[in-house]
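> Spelled out, the chains give:
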Amino acid sequence: GAVVSQHPSWVICKSGTSVKIECRSLDFQATTMFWYRQFPKQSLMLMATSNEGSKATYEQGVEKDKFLINHASLTLSTLTVTSAHPEDSSFYICSARDQVHTEAFFGQGTRLTVV
Amino acid sequence: KQEVTQIPAALSVPEGENLVLNCSFTDSAIYNLQWFRQDPGKGLTSLLLIQSSQREQTSGRLNASLDKSSGRSTLYIAASQPGDSATYLCAVIKAAGNKLTFGGGTRVLVKP
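Protein chains in written order, with the working numbering: chain A, 1 to 115; chain B, 1 to 112.
Isolated chain A (complex conformation) (with noise of 0.2 Å):
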């Protein structure tokens, strides 16, 4: 299958600070790139979905000030935190689709922790 590299894995940044993550697709061009957020032992939330060159599409009570989605070509999205807070810690997965293929194909996630 396609392969989603997402960097970096795991990150540990201090209350106030910003935090960028990043998705790439490495053997195809994604022209939809979703971001999820996934807390202990429950299932992936959707954040939003994002299609190249256009603004992302926030799902209900996802702030799009706080984060900040962009997908400026077709190789690579970025998910940054701003001002992050103890309460985003979480994990963060982007998964990411081309025009040809119906599946998803996902990143191996990027562990937050704001201290």
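Honestly, the hints are just simulated from the structure, not real lab data.
A hint or two may mislead.
PhoX-like, lysine-lysine: derived pairs with alpha carbons at most 20 Å apart [what the hints assert, rightly or not]:
id, chain 1, residue 1, chain 2, residue 2
1, B, K111, B, K1
2, A, K20, B, K42
3, A, K55, A, K14
4, B, K94, A, K41
5, A, K66, A, K55
6, B, K68, B, K1
Fit chain B to the given chain A structure using the hints.
Frame of chain A; chain B shown alone:
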């Protein structure tokens, strides 16, 4: 609104037993259904994808069936191994390009 449910939430079996994982969805108008595996602290690995026109898909020891009209899918894992211990998630998509709706997952433990 589509809702996806996975029962049981957790399952523990001795090595060698067959695993049966259930997934149900409320809206039968789906485009496809995917089964994923997630190891602790890791991302998701796609196991099987079943198109809405298909009844089942097989890959090695894994077999997934789909009964769209009744809103059910079942993932069978034959001759389970300790390495099969993980959380298994099912997800459905309403139309091509749309978002996935996930079930809560089934945590599987295969005891040696």
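> Decide, hint by hint, whether the structure agrees.
Comparing the hints with the structure gives:
Pair hint B:K111 plus B:K1 does not hold up; C-alpha atoms about 38 Å apart against a cutoff of 20 Å. Under the criterion of a C-alpha separation no larger than 20 Å, the hint pairing A:K20 with B:K42 is consistent with the structure, at around 19 Å. Distance hint between A:K55 and A:K14 is unfulfilled; the C-alpha atoms sit about 28 Å from each other, more than 20 Å. Distance hint between B:K94 and A:K41 is unfulfilled; the C-alpha atoms sit about 25 Å from each other, more than 20 Å.
For the proposed pair A:K66 and A:K55, the alpha carbon gap of about 15 Å is at most 20 Å, so the pair holds. For a cut-off of 20 Å, the pair hint linking B:K68 to B:K1 stands: about 16 Å separates their Cα positions.
Violated hints, in rising order: 1, 3 and 4; the structure is consistent with all others.
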